[in-house]
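Student: Sequence:
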Amino acid sequence: CIPGMMMRAQALLQRNPRATDTEIRDFLEPNLCRCGTHLRILRAVKRAASMMTGPDVTPSTHAPSAASTELDTSEVDSDVQRDRRHSEKRERPER
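Heads up: the sequence shown is residues 1 to 95, going by UniProt numbering.
Because the hints were derived from the structure by calculation, they are not lab data. Glycine is no exception: its CB is placed at the ideal position from the N, C-alpha and C atoms. Incorrect hints may have been included.
[Claimed, not checked] Here are the computed distance ranges between Cβ atoms for each label pair: (1) R34 - G54: 25 to 35 Å; (2) L39 - Q10: 17 to 27 Å; (3) G54 - E23: 17 to 27 Å.
Based on the sequences and whatever the hints tell you, model everything.
Tutor: Below is the structure:
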């Protein structure tokens, strides 16, 4: 899942380096993440976007602050919980 998500993320940020959390999430939605790193990938894309649009776009040796890379994951979290509940229902043997 990661290579496909990174390709999509690069395409999004090339077109719109100031993508919002919702735009990032929506653009990456077609990629199914099975490895459990979906939220980390979303945060990484947000961080890349902030690095591309910051006041100093030259490479830096300093990591961005946590506040600048925070991503609103509440909708994703609820989607993950819903998917887990749905998956658990399918895995339960019928009585």
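Student: Hints first: check each against the structure and report whether it holds.
Tutor: Status of each hint after checking the structure:
no.: 1; hint: R34 - G54: 25 to 35 Å; verdict: 33 Å, holds
no.: 2; hint: L39 - Q10: 17 to 27 Å; verdict: 19 Å, holds
no.: 3; hint: G54 - E23: 17 to 27 Å; verdict: 18 Å, holds
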